[in-house]
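Visitor: Letter by letter, the chains look like this.
Number of protein chains: 2
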Amino acid sequence: MPQNGTYHHGDLRVACLRAARELLEEDGSAGLSLRAVARRAGVSATAPYRHYADRDALVSAVAAEGYRELAQHLAAAHPAPSTPEDLAAVAVAYVRFALDHPALFRAMFAEPCDPTSEERVAATAVIKEYVEGIVRDAFPGADGTGALATTVWALVHGLAFLHLDGKLDASSPEVVATQVRAAVHALFTAAPGLRAAGESPEPPAAG
Amino acid sequence: MPQNGTYHHGDLRVACLRAARELLEEDGSAGLSLRAVARRAGVSATAPYRHYADRDALVSAVAAEGYRELAQHLAAAHPAPSTPEDLAAVAVAYVRFALDHPALFRAMFAEPCDPTSEERVAATAVIKEYVEGIVRDAFPGADGTGALATTVWALVHGLAFLHLDGKLDASSPEVVATQVRAAVHALFTAAPGLRAAGESPEPPAAG
DNA sequence: GCCCCATGTAAGCAGCGCAAACATAAAAGA
DNA sequence: TCTTTTATGTTTGCGCTGCTTACATGGGGC
Chain A
1 MPQNGTYHHG DLRVACLRAA RELLEEDGSA GLSLRAVARR AGVSATAPYR
51 HYADRDALVS AVAAEGYREL AQHLAAAHPA PSTPEDLAAV AVAYVRFALD
101 HPALFRAMFA EPCDPTSEER VAATAVIKEY VEGIVRDAFP GADGTGALAT
151 TVWALVHGLA FLHLDGKLDA SSPEVVATQV RAAVHALFTA APGLRAAGES
201 PEPPAAG
Chain B
1 MPQNGTYHHG DLRVACLRAA RELLEEDGSA GLSLRAVARR AGVSATAPYR
51 HYADRDALVS AVAAEGYREL AQHLAAAHPA PSTPEDLAAV AVAYVRFALD
101 HPALFRAMFA EPCDPTSEER VAATAVIKEY VEGIVRDAFP GADGTGALAT
151 TVWALVHGLA FLHLDGKLDA SSPEVVATQV RAAVHALFTA APGLRAAGES
201 PEPPAAG
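Just so you know, the protein sequences line up as chains A and B, in that order.
Residues 1 to 207 in this note's numbering are what the first sequence lists, from first letter to last.
Residues 1 to 207 in this note's numbering are what the second sequence lists, from first letter to last.
One or more hints might be untrue.
[As the list claims (entries may be wrong)] Derived DEER-like restraints, expressed as beta-carbon distance ranges: (1) A:A75 <-> B:R136: 32 to 42 angstroms; (2) A:D169 <-> B:G42: 43 to 53 angstroms; (3) A:R13 <-> B:A30: 17 to 27 angstroms; (4) A:P140 <-> B:S171: 43 to 53 angstroms; (5) A:E119 <-> B:G10: 47 to 57 angstroms; (6) B:P79 <-> A:R50: 53 to 63 angstroms.
[Said to hold, decoys possible] Non-contacting residues of chain A with respect to chain B, defined by C-beta distances greater than 12 angstroms in every case (computed): (7) R50; (8) A80; (9) S82.
[To be verified] Stretch by stretch, here's where chain A covers chain B in the computed footprint (C-beta under 8 angstroms, at least three residues): (10) 31-42; (11) 162-175.
If you're looking for bench data, these hints aren't it; they were derived computationally from the structure.
Ideal Cβ placement from N, Cα and C applies to all residues, glycine included.
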């Protein structure tokens, strides 16, 4: 039952999500108020409370949506990365997502995470396992503790945040991509035994 | 002239800073309102506007203070790091600072940075140059572009944020420290030519 | 055909950021 | 020393916010 101008909206839940997402992209986190969401959805100020317990719940729902979109974005960059170059491409996609959706990315990561939103924690677990799966597939010889996966995630995540906060040169997408690729390559020319399958370890440049 | 119970407060500027810092530690960013700051300073609601243009200005001032404290904390961890172990100790201090002062750290990095606060941008520049100086001193053979410094900063910064957001296991300080050290060592056993002064490059484990 | 209840509305409270007009006291100048 | 200026704090008030309570509506199950 679509919104037919009657008393009931029809699908206010997703309308709120959509409106919240738009407000986030337009005005940032500060512009995301439940009242503004209600206005945009064409509904009374307190109607969203029927679907979201409070503001945090709505933000968590938007964040969860963001996690899913980020996962899709990474998968689109390379479906099954196996070489450092592949991983670098995924890393570039990660940082680009952050720069293309700054307010959404901040909502996903930069706010004190509400642990009571099981939708949200589940979504972050998906991202974490996704990254670990990528690294495990690309580096079957690595230890099984996921330490390397955590390291590469942290590196990329940190690059995203530093770029987002203007702490690094993010003047052009190419500059950012080059920086990210360099960092990933620096990490993945690392310890012996962690090289990608099919890569032959180079001898140290002793000549 | 100290606060003597008279009409004028005496040093409201630093009193606001102090109150804001306390509120941030106690209730997080959400609890930091200009009105609450004024109450805690024992002053009318709008008095802080004589010293801070708006809420952002006060937050920026607190953040700038945080940058200086972070720099001191890093220096205390190791005054002149030169080996990967030294750098790992500094990295652990960085992450620990974030976990010990979560709201302050978020105010420093996780909010859209107001570029009009020159005090703030100057303070972040100090941190950046500090990290670059450390890495340059520890790795004199590295390229002069600061790419390696950016990489290690991003890695540590990402670890801090992931731990802060509960995305990683931060159950005990030891677990966190071990994780951080492992990540830094993974990075600093990296490409030939980037090894620390005094370290002899190991041949690839071919035997 | 009737009633229940999910869904929406209306009214209201307290807190917030911020602006404008006003009050006070410390400092500066005559 | 007395006056004037200026920095600092107060009062009042507007519009916005999150959220609660009480009320209205109408579609789906009986």
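Visitor: Now tell me if each hint is right for this structure.
Guide: Comparing the hints with the structure gives:
In this structure the supplied range 32 to 42 angstroms holds for A:A75 paired with B:R136, their Cβ-Cβ distance being about 38 angstroms. Roughly 45 angstroms separates the CB atoms of A:D169 and B:G42, a value that falls within the hinted 43 to 53 angstroms. The beta-carbon spacing between A:R13 and B:A30, approximately 25 angstroms, falls within the hinted interval of 17 to 27 angstroms. Remark: the range hint 43 to 53 angstroms for A:P140 to B:S171 is contradicted by a beta-carbon distance near 29 angstroms.
The given range of 47 to 57 angstroms is respected by A:E119 and B:G10, whose C-beta atoms sit roughly 51 angstroms from each other. A beta carbon spacing of about 59 angstroms between B:P79 and A:R50 agrees with the range 53 to 63 angstroms that was offered as a hint. Against chain B, the non-interface label of A:R50 holds: every CB pair exceeds 12 angstroms, the least being about 24 angstroms. Every CB of chain B is more than 12 angstroms from the CB of A:A80 (nearest about 23 angstroms), matching its label as outside the interface.
For A:S82, the requirement that its beta carbon stay farther than 12 angstroms from each beta carbon of chain B is met, with the minimum near 19 angstroms. For the stretch 31-42 of chain B, the stated coverage by chain A is violated: 0 residues have a C-beta nearer than 8 angstroms to a C-beta of that chain, whereas at least 3 were required. Interface restraint, the stretch 162-175 of chain B with chain A: holds (5 residues with C-beta to C-beta distance below 8 angstroms; minimum three).
In terms of the numbered hints stated before, the structure departs from hints 4, 10, listed from lowest to highest.
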